[in-house]
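With the hints as your guide, set chain B onto chain A.
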Amino acid sequence: MKRTLTCIVCPLGCTLEAEVTNGSVHVTGNTCKRGVAYAESECIAPKRVVTSTVRSQSGKLVPVKTDSPIPKEKISECMKQINAASCDLPISIGDVIIEDIFGSNIVATANVPI
Amino acid sequence: MIDLVIIGGGPAGMSAAIAAYEAGIHNLLILERDEKLGGILQQCIHNGFGLHKFGEELTGPEYASRYEKRVQELNIPVKLNTMVLDITEDKVITATNAEDGIFTIPAKAIILAMGCRERSKGALSIPGHRPAGIFSAGTAQKFVNMKGYMPGREVVILGSGDIGLIMARRMTLEGATIKAVCELMPYSGGLARNIEQCLNDFNIPLRLSHTVVNIHGKERLTGVTIAKVDQRRKPIPETEEYIPCDTLLLSVGLIPENELSKSAGISLDGITGGAKVDQNRQTSASGIFSCGNVLHVHDLVDFVSDEAEIAGKSASLYIQKGLAQNVDIKLVPAGKVRYTVPQRITSEEEDVRIFFRVSDVVKNAVIRIEKDGKLLSEKKKIRVAPGEMESLLLSAEDVKGAKEITISLEGEQ
Numbered sequence: 089m090k091r092t093l094t095c096i097v098c099p100l101g102c103t104l105e106a107e108v109t110n111g112s113v114h115v116t117g118n119t120c121k122r123g124v125a126y127a128e129s130e131c132i133a134p135k136r137v138v139t140s141t142v143r144s145q146s147g148k149l150v151p152v153k154t155d156s157p158i159p160k161e162k163i164s165e166c167m168k169q170i171n172a173a174s175c176d177l178p179i180s181i182g183d184v185i186i187e188d189i190f191g192s193n194i195v196a197t198a199n200v201p202i
Numbered sequence: 003m004i005d006l007v008i009i010g011g012g013p014a015g016m017s018a019a020i021a022a023y024e025a026g027i028h029n030l031l032i033l034e035r036d037e038k039l040g041g042i043l044q045q046c047i048h049n050g051f052g053l054h055k056f057g058e059e060l061t062g063p064e065y066a067s068r069y070e071k072r073v074q075e076l077n078i079p080v081k082l083n084t085m086v087l088d089i090t091e092d093k094v095i096t097a098t099n100a101e102d103g104i105f106t107i108p109a110k111a112i113i114l115a116m117g118c119r120e121r122s123k124g125a126l127s128i129p130g131h132r133p134a135g136i137f138s139a140g141t142a143q144k145f146v147n148m149k150g151y152m153p154g155r156e157v158v159i160l161g162s163g164d165i166g167l168i169m170a171r172r173m174t175l176e177g178a179t180i181k182a183v184c185e186l187m188p189y190s191g192g193l194a195r196n197i198e199q200c201l202n203d204f205n206i207p208l209r210l211s212h213t214v215v216n217i218h219g220k221e222r223l224t225g226v227t228i229a230k231v232d233q234r235r236k237p238i239p240e241t242e243e244y245i246p247c248d249t250l251l252l253s254v255g256l257i258p259e260n261e262l263s264k265s266a267g268i269s270l271d272g273i274t275g276g277a278k279v280d281q282n283r284q285t286s287a288s289g290i291f292s293c294g295n296v297l298h299v300h301d302l303v304d305f306v307s308d309e310a311e312i313a314g315k316s317a318s319l320y321i322q323k324g325l326a327q328n329v330d331i332k333l334v335p336a337g338k339v340r341y342t343v344p345q346r347i348t349s350e351e352e353d354v355r356i357f358f359r360v361s362d363v364v365k366n367a368v369i370r371i372e373k374d375g376k377l378l379s380e381k382k383k384i385r386v387a388p389g390e391m392e393s394l395l396l397s398a399e400d401v402k403g404a405k406e407i408t409i410s411l412e413g414e415q
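Heads up: the protein sequence lines correspond to chains A and B, in order. Position in the first sequence (from 1) plus 88 gives the number in our numbering. Position in the second sequence (from 1) plus 2 gives the number in our numbering.
Looking at chain B on its own, in the form it has when it is part of the complex:
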């Protein structure tokens, strides 16, 4: 029996493991399917990580290495090249690797830190053939930054998420021409600074309210047809435009990777795609915790590390003396608030920071917190956007005696 097993050795898994170790859990194990710790940060060679956690601008590998070093200093056991096949609600893990074959580990607690994956072309249903030259932006990033292959020379990018923007710059630096970045929505899902330093710096056009409506080429991509979309996001036929290119990158969203959570019968949130959790990041299965991008997709790795620390500390408390769960307060998103994490609160003893995302760009926004239908407080914000996670603090006082706390947001479009 192992006290705590952490599934995934990326930023969330490492941070959770370190926090649990420092809280006194020394019989623990990280399972990682890659040959190295660090997760997706290994291929994110650009800078911009760590301003919150370390007060300096690090690249992805540098950020990961700070945590990897700490994991090594603490002698936290890690099994690399290990794929977890199944977890059960009573916390038995089945995994496999070349050395141990297929093996099972019963654990007192589990932290899920498997991260997310990219939405694929299949999930988008663009008509046309299936020629070579279509990649998710993250796959292209792995080819360029880790394998040293250029996926193509003339590129169109669909979706203006941060990975797509970062790849527009990266492939430009390596000699490719980025013909356009098309974004279905009237605003970019990426950070403003990435629009500036990845597109504007290189005069790459951002075509808002545009999408790819057709794919051309049989063996290799020869071009794409793009079109403007109307307010209902339907393509307008007379605006169709052919762009010759040999590569199409898709940067159209990330999906938390929760197959294992499902096999453990954990209840998932239909909006986040991750587990429903309480303020301890405990899922519906007792002793199974979730953090990082497998819980909900984050904008910044710094916030992933913070969240994983909460999960790590909570898991150690659970193992050492159990978690106090004396209430069950539902958090209800309303108006332009799409979701909240956590989704419920199980203790009235502590202040809880609530993270949430909005459904639209809203100016002069008013965030309202209601306790069982009565207004508790109002907060103003000049601008909120779906690409930027928001947060607010609920004090123990606010929470006391509530059955339901509603968080809503309204404002100008």
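The shape of chain A in the complex, shown without the other chains:
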């Protein structure tokens, strides 16, 4: 089956043609190697980085992200866990707020003082 994809790896946004035969993916239209990896993952098991905020005990918001892409179909479950979470301040970039959900950690993306 042939699929047309828009690569989301960088702002170039290449249009990719991906053909899946017997579990292997043939990719054209990519400008770089990352496009091939993206198309393969998109055809077999699409993944996304999720970014959101976690409300700290004091009420201030802490921006967060998954420290690696998670399966696309788990995004809404991931958001539920992020919205149920809380943390204490101060917090630093990279601090883990939720460990190991869908193979990723939820980490802070800003330094937030008390």
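Bear in mind the hints are in silico, worked out from the structure with no lab data behind them. From a predicted model like this one, the values you see are computed outputs, not experimental measurements. Glycine included, every Cβ here is placed at the ideal spot set by N, Cα and C. Watch out, some of these pointers could steer you wrong.
As the list claims (entries may be wrong) - Taking lysine-lysine and the DSS-like style, the derived pairs with C-alpha atoms no more than 27 Å apart in a straight line are:
hint: 1; chain 1: A; residue 1: K162; chain 2: B; residue 2: K149
hint: 2; chain 1: A; residue 1: K121; chain 2: B; residue 2: K381
hint: 3; chain 1: B; residue 1: K181; chain 2: A; residue 2: K160
hint: 4; chain 1: A; residue 1: K168; chain 2: B; residue 2: K144
hint: 5; chain 1: B; residue 1: K264; chain 2: B; residue 2: K278
hint: 6; chain 1: B; residue 1: K278; chain 2: A; residue 2: K162
hint: 7; chain 1: B; residue 1: K144; chain 2: A; residue 2: K148
hint: 8; chain 1: A; residue 1: K148; chain 2: B; residue 2: K149
Stated by the list, open to error - Partner residues aside, some chain B positions facing chain A, computed with beta carbon under 7 Å:
hint: 9; residue: K38
hint: 10; residue: H48
hint: 11; residue: N49
hint: 12; residue: G52
hint: 13; residue: L53
hint: 14; residue: T61
hint: 15; residue: E64
hint: 16; residue: L175
hint: 17; residue: E198
As the list claims (entries may be wrong) - Derived CB-CB ranges, DEER-like:
hint: 18; chain 1: B; residue 1: H54; chain 2: A; residue 2: S174; range: 32 to 38 Å
hint: 19; chain 1: B; residue 1: K236; chain 2: A; residue 2: R122; range: 38 to 44 Å
hint: 20; chain 1: A; residue 1: A172; chain 2: B; residue 2: S393; range: 44 to 50 Å
The following block gives chain B in isolation, referenced to the frame of chain A:
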């Protein structure tokens, strides 16, 4: 007297300050009106920043923090919560904050890095009442990402600029329903990857060649009427469609914030809305430089940082030994090229990268560079779009002896 004052502590201001410091200017000061450095990046919590500068995908706050850390390491002085009220052509800055009251600073050089603001509903002239529930996309972004408030539950977005697309995804993740993203033009002004990951991932419809023609509701927005537009962008009455919603977000363009530049008598470019500059990013006022979104609106923060480095280095040269300005070569945009930055070149000694934006989506484009009416070179490009800034390099050789260099682009619509 301070050697260099930088107005604005966002990505442009921080990058310019660091570049100037590293080039030897240590008597400098950043003035920032917010309580924190970082500018708009603080509320851009999504990823996608920094691929060019750092080779990795960062979120807005992470990108800002890399520069903030460097500003702190270098002990570059910063005044936060400080609003600049006025600058003069001879480089006297009037500013105010709660600690110092109103104060003036004479400077040897100034870098303008005030960024841009969003075009508002008033500038769009949509008829209807003025109910609650209409926000610019950036305001909604601040509410959701920094204050923790949801502006509404059922949303229509007018304009498919990147902030609108990013907010479509963000509000969906927080439980809202995005009923449609309407775009007046037949193409989106946003990046292709944002159409993919912000709209297509969540099955949000993008209605190209559509606009909002009426706003309903008195106290709170109850719905909008949208319609298809013809080739002249005029709404077609028989295509009107009512969409019930409680929120309308506007993502209809950004305007460089140049009130201070005007008060200094700096001459502005009618197309970019920013100052006219030379290759050093020096404005028409000697010793006043401009960079980032206050100069022209950028697609990527990485390019803002690059441009600010040029301004920072140039300002330090200006202070230390003066800038060589031995020629005045005009850069003229033509055909589908809407504008160029810089707008002029004042030295024949160096290669200059020219940034430009086009007016339409063009396929199989041919970019022509002409020197005083004679063809200098031609370059082909498969596709160009207004949402994506283009650039080309003029070598010192190309520039030598020219009065005017014309950059034009033609191709298939």
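Quiz item: Given the proposed pairing of K121 (chain A) with K381 (chain B), does the C-alpha separation stay at or below 27 Å?
Solution: 25 Å, holds
Quiz item: Holds or violated: K278 (chain B) with K162 (chain A), Cα cutoff 27 Å?
Solution: Between K278 (chain B) and K162 (chain A) the Cα gap is close to 49 Å, so the pair fails against 27 Å, i.e. violated.
Self-check item: Verdict for A172 (chain A), S393 (chain B) (Cβ pair) under range 44 to 50 Å
Solution: Holds - the Cβ-Cβ distance for A172 (chain A) and S393 (chain B), about 46 Å, lies within 44 to 50 Å.
Exercise. Given the hint that K264 (chain B) pairs with K278 (chain B), test it: the Cα-Cα distance must not exceed 27 Å.
Key: 12 Å, holds
Exercise. State, for the Cβ atoms of H54 (chain B) and S174 (chain A), whether the hinted interval 32 to 38 Å holds or is violated.
Key: 35 Å Cβ-Cβ, so the 32 to 38 Å window holds.
Self-check item: Proposed interface contact between L53 (chain B) and chain A, which counts if any beta carbon pair is under 7 Å
Solution: 5 Å, holds
Quiz item: Does the interface hint hold: is E198 (chain B) within less than 7 Å of chain A, judged Cβ to Cβ?
Solution: At about 4 Å, which falls below the 7 Å cut-off, the nearest Cβ of chain A leaves the hint on E198 (chain B) intact, so it holds.
Quiz item: For the pair supplied as a hint, K168 (chain A) and K144 (chain B), is the alpha-carbon distance within the 27 Å limit?
Solution: Satisfied, since the Cα-Cα distance of roughly 21 Å is no more than 27 Å.
Quiz item: Once the shortest beta carbon distance from E64 (chain B) to chain A is found, is it less than 7 Å?
Solution: Status holds, d = 5 Å.
Self-check item: Residue hint H48 (chain B), partner chain A, criterion CB-CB below 7 Å
Solution: At 5 Å from the nearest chain A Cβ, H48 (chain B) passes the 7 Å test, so the hint holds.
Self-check item: Interface restraint verdict for L175 (chain B) against chain A (beta-carbon cut-off 7 Å)
Solution: 5 Å, holds
Quiz item: Does the CB of T61 (chain B) sit less than 7 Å away from some CB of chain A?
Solution: 4 Å, holds
The structure does not agree with the numbered hints 6, 9 and 12 stated previously, though it agrees with the rest.
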